[in-house]
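Heads up: the protein sequence lines correspond to chains A and B, in order. This note's numbering puts the first sequence at residues 167 to 839. This note's numbering puts the second sequence at residues 698 to 913.
By construction, these hints were calculated from the structure, which means they are not laboratory data. Please note: incorrect hints may appear among the correct ones.
Covered by chain B, per the in silico footprint, the following chain A stretches (three or more residues, Cβ under 8 angstroms) [said to hold, decoys possible]: (1) 439-451; (2) 474-487; (3) 708-716.
Which residues of chain A face chain B? A partial, calculated answer using Cβ under 8 angstroms [what the hints assert, rightly or not]: (4) Leu308; (5) Ser347; (6) Arg493.
C-beta: ideal position from N, C-alpha, C; glycine also.
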Amino acid sequence: MNDDDFNWLPQEEEQEAAQQSRRGLFRFLPRFRRGRGGAAASAPSEESSLSGRRGLFRLIPRFLRRARSAPTEATAADLALEMGERPVEQLDDRLLALRERAQSRPEQETVSPREALYDVDDVLVRPEIIHRPGGVISPLALSKAQQEQVELLRDMVGGTALPDDSQSEGGLLSRGKRLFSLGAIPHLLVSILMLLALALPFVATGFSEGELPPLAFHEDRHGTTTAFNMLDNLTLDDYVLLAFEYGPTAAGELDELADVILRHIFAQGSKAIIVSSNPITIVHARNVIAAIERSVAPVSTRLVENQDYYLLRFLSGGALGLRDLSRNFGSIVNTSARGMPTGLGFTSLDEMTLMVLIAERAEDVRHWAEQVATETDSDFIAATGYAAQPLAEPYVYAHEDIVGMFIGVRDAYTYNQILQANYADYELPPRREDPGTGDGESAPTPSPTPTATATATPTATPTPTATETPQPQATPTPTATPTEPEPELVQLAVAPAATATQIPSPVAEVIAQGPVNIRRRPNTASDILALAATGDIFPVLGENGDGSWINILLPDGIEAWIASFLVEQYIAPADGTGGGAPDGSARAGDGQTVLQFDFSLRLGKTRPRFYQANPPAQGDRAEFVLLRDGRQEEQRLDAMTLGTIAAVLVIVAGNVFYMMRALTRRRRASQGN
Amino acid sequence: MSRTQRLGIAFSAFIAFAVGVITTLSLLLGDRPELYAEFAGAPAFARLMSLPAAIMVRLVAITSAVTIVIGISNLLYVHLGRVVRGAFFSIVMIASFALTIWWYWSKGGDTSLLAAVQVPIESALAALLFLSMVQGGARVLNKRADIWGLLFVTVLVVVLLGTVPIESLGPVRAWSDWLMEIPVSAGARAILLGIALGTVVTGVRVLLGQDRSYRG
Numbered sequence: 167m168n169d170d171d172f173n174w175l176p177q178e179e180e181q182e183a184a185q186q187s188r189r190g191l192f193r194f195l196p197r198f199r200r201g202r203g204g205a206a207a208s209a210p211s212e213e214s215s216l217s218g219r220r221g222l223f224r225l226i227p228r229f230l231r232r233a234r235s236a237p238t239e240a241t242a243a244d245l246a247l248e249m250g251e252r253p254v255e256q257l258d259d260r261l262l263a264l265r266e267r268a269q270s271r272p273e274q275e276t277v278s279p280r281e282a283l284y285d286v287d288d289v290l291v292r293p294e295i296i297h298r299p300g301g302v303i304s305p306l307a308l309s310k311a312q313q314e315q316v317e318l319l320r321d322m323v324g325g326t327a328l329p330d331d332s333q334s335e336g337g338l339l340s341r342g343k344r345l346f347s348l349g350a351i352p353h354l355l356v357s358i359l360m361l362l363a364l365a366l367p368f369v370a371t372g373f374s375e376g377e378l379p380p381l382a383f384h385e386d387r388h389g390t391t392t393a394f395n396m397l398d399n400l401t402l403d404d405y406v407l408l409a410f411e412y413g414p415t416a417a418g419e420l421d422e423l424a425d426v427i428l429r430h431i432f433a434q435g436s437k438a439i440i441v442s443s444n445p446i447t448i449v450h451a452r453n454v455i456a457a458i459e460r461s462v463a464p465v466s467t468r469l470v471e472n473q474d475y476y477l478l479r480f481l482s483g484g485a486l487g488l489r490d491l492s493r494n495f496g497s498i499v500n501t502s503a504r505g506m507p508t509g510l511g512f513t514s515l516d517e518m519t520l521m522v523l524i525a526e527r528a529e530d531v532r533h534w535a536e537q538v539a540t541e542t543d544s545d546f547i548a549a550t551g552y553a554a555q556p557l558a559e560p561y562v563y564a565h566e567d568i569v570g571m572f573i574g575v576r577d578a579y580t581y582n583q584i585l586q587a588n589y590a591d592y593e594l595p596p597r598r599e600d601p602g603t604g605d606g607e608s609a610p611t612p613s614p615t616p617t618a619t620a621t622a623t624p625t626a627t628p629t630p631t632a633t634e635t636p637q638p639q640a641t642p643t644p645t646a647t648p649t650e651p652e653p654e655l656v657q658l659a660v661a662p663a664a665t666a667t668q669i670p671s672p673v674a675e676v677i678a679q680g681p682v683n684i685r686r687r688p689n690t691a692s693d694i695l696a697l698a699a700t701g702d703i704f705p706v707l708g709e710n711g712d713g714s715w716i717n718i719l720l721p722d723g724i725e726a727w728i729a730s731f732l733v734e735q736y737i738a739p740a741d742g743t744g745g746g747a748p749d750g751s752a753r754a755g756d757g758q759t760v761l762q763f764d765f766s767l768r769l770g771k772t773r774p775r776f777y778q779a780n781p782p783a784q785g786d787r788a789e790f791v792l793l794r795d796g797r798q799e800e801q802r803l804d805a806m807t808l809g810t811i812a813a814v815l816v817i818v819a820g821n822v823f824y825m826m827r828a829l830t831r832r833r834r835a836s837q838g839n
Numbered sequence: 698m699s700r701t702q703r704l705g706i707a708f709s710a711f712i713a714f715a716v717g718v719i720t721t722l723s724l725l726l727g728d729r730p731e732l733y734a735e736f737a738g739a740p741a742f743a744r745l746m747s748l749p750a751a752i753m754v755r756l757v758a759i760t761s762a763v764t765i766v767i768g769i770s771n772l773l774y775v776h777l778g779r780v781v782r783g784a785f786f787s788i789v790m791i792a793s794f795a796l797t798i799w800w801y802w803s804k805g806g807d808t809s810l811l812a813a814v815q816v817p818i819e820s821a822l823a824a825l826l827f828l829s830m831v832q833g834g835a836r837v838l839n840k841r842a843d844i845w846g847l848l849f850v851t852v853l854v855v856v857l858l859g860t861v862p863i864e865s866l867g868p869v870r871a872w873s874d875w876l877m878e879i880p881v882s883a884g885a886r887a888i889l890l891g892i893a894l895g896t897v898v899t900g901v902r903v904l905l906g907q908d909r910s911y912r913g
């Protein structure tokens, strides 16, 4: 095989192609039969040089050596070399024109570096190039060429000579002496002034300048009133897709917005499905929810993941990850951030009642507006900080699905004030004697006494009627696939419990040889959520109409179904003897798997649809709004105001000084001339 | 460059071109049954048309997730090599990494380190940025004391004063609102239009093989 074997093009076409500008895909066509002066001429020489090497390279067959991989990167030197070896007639038209122009230019005189940098004195100032070893920033390691350039610049602007390293003595002591200089005093004063302005509202009273944000949104161009009303119109079991698209850097500004929006969603009885294209933000969202839990812990039970809120896996791929969310929502919404099934049966973004984006950057707003908002009919709300506002606003105006936008901590303050006013008529639930640890990640602790929520909402206790079916909700239940009807639930006979900790628990024990499929819906065509082993015990919520499927509760709070002939049902006493545990969880015998589940918390939350024959009224969870601690909000706003005023003063004073100095210098220069 | 290398480049360019065209057509024509209303199986055909884009987008998402694992592995590899040479901050990085992993596992998934360490540090850096910007804003006319520098400083001061909630600054706030609504909004839209046009141009260049970011 030789070069002629690849001669695809006739001679005339090759000449023509060589003279054309080699652009686009054409450049990738192999140029063969270029024995004289072409780029291919360099290949044999390179190969021959390689072949001349000693060692293992000689053992490699020739065809393998020629099939070596392409260079991983092309350097400018490679390109220049190739250009230099190319015949003149094969050069690109633009290169030919450039070459001719260069040849037609008259010879220029050599210009010295000092003349070429004639205005360097206006750009460089002495203090900035004086070498200061040590200090806050470590000295840079310069190459010899860089040191020569620095010396040249130093000589041109009259800087001080570079101290010889060998002359520096004293180590840290000498560095400490040079930590401060007179030139740094203005910077230091400005920093102290700014810090004082920002800190004073927190440490002293009487520094409240300016007005607080209004107590109601103005219906302005941002559509904030519309956005708030849409959140306020959420009802029980509505699902809100909440996108956290900000990192820890913006947490100080956007955590307030996230906090009030989440509290509003929880107070309305709706559920938040949290997504993010940043894996750290998913963890941060969990911390925000944990903080909300701690604030309501004295009167409320903890929020249950995969029941009150959902943390989905992070969306990789940037903008394409968001496109993936739009296209494969049913798949993405099925996996939690911990890799567990969420039990959500959504198939499309259109099933979301509302979507809320809290974004740090305008680029995130752009990605969500382009990749998500255009792919769904659900309404969309954006929330950003002040920095992202100018570039995010055009999308709020351009997309009719984006109904409004909240901006920064001032809107968060107004939002909270409206919420406090709206929920002022609601009473807080009684204070719990054992609010629990309040830690968002620790295991749930059973309450020794009836929980406040359980007593406040009688629906928490299962009614003894055996055939009662759940009342249909006013809003469609999104957990059901549209093409699949909601299974009819029949509640098992359970004795009413005096307290949450003494509830006899109907359980189902797997008696068939495992593994046994546990499915999302009561049919064999439904998804398999988990596999159960023989002897596994699950709390029972109910059964379907003909009793062929049992509705059970998985340990992570997900409702699922198992075929009734595979299990044996019985009532597990909750008195600490026999088959029940003191905390209400089922206890199996020796050698059996124990699946713990806290019934008291479960009933206290009144979340299972099975028990919602009389669902809690809207506002029953007003504690999420009323127990928000906003004491530091006004101080933060005061600090913002004082900080802005201080910044304006510094900027004005500094620039007036420099402008006066420039005018003085020009006047002196004109007088000198 | 040998013929084999040239063929490899042509082959990779062809793959990029083919995948790009197929994905673009699938995004444009998929999931739009109204385009095929005259056909009996319009919905099924529309879903079929959208399938290539869905597969490609999913592949990109999965690949991006894998790159995170590769990135973390490379980070550890590089810093472990520097630890051997005694680099102090690499030791701190490796120790922090190990501490975070240990904390998460030993505390049952506790993520309080993020709230106690990461968020305060990054917030402090953002605050330092504010101080630096104020310092820089005070020195604008130091380097450029001309009409444009003066205009820049004037607009900066007006916009900043417009955010101060003091009633006596009402007229300044009106100027600030005008600046934000007209010139700033126009500039923002121009930037967004430029980004959109740049994205289109880059896409076309990749499809035509002019821009080979895939290193073919």
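Comparing the hints with the structure gives:
no.	hint	result
1	439-451	holds (count 4)
2	474-487	holds (count 6)
3	708-716	violated (count 0)
4	Leu308	violated (20 angstroms)
5	Ser347	violated (16 angstroms)
6	Arg493	holds (5 angstroms)
In this structure, the hints that do not hold are numbers 3, 4, 5, in rising order.
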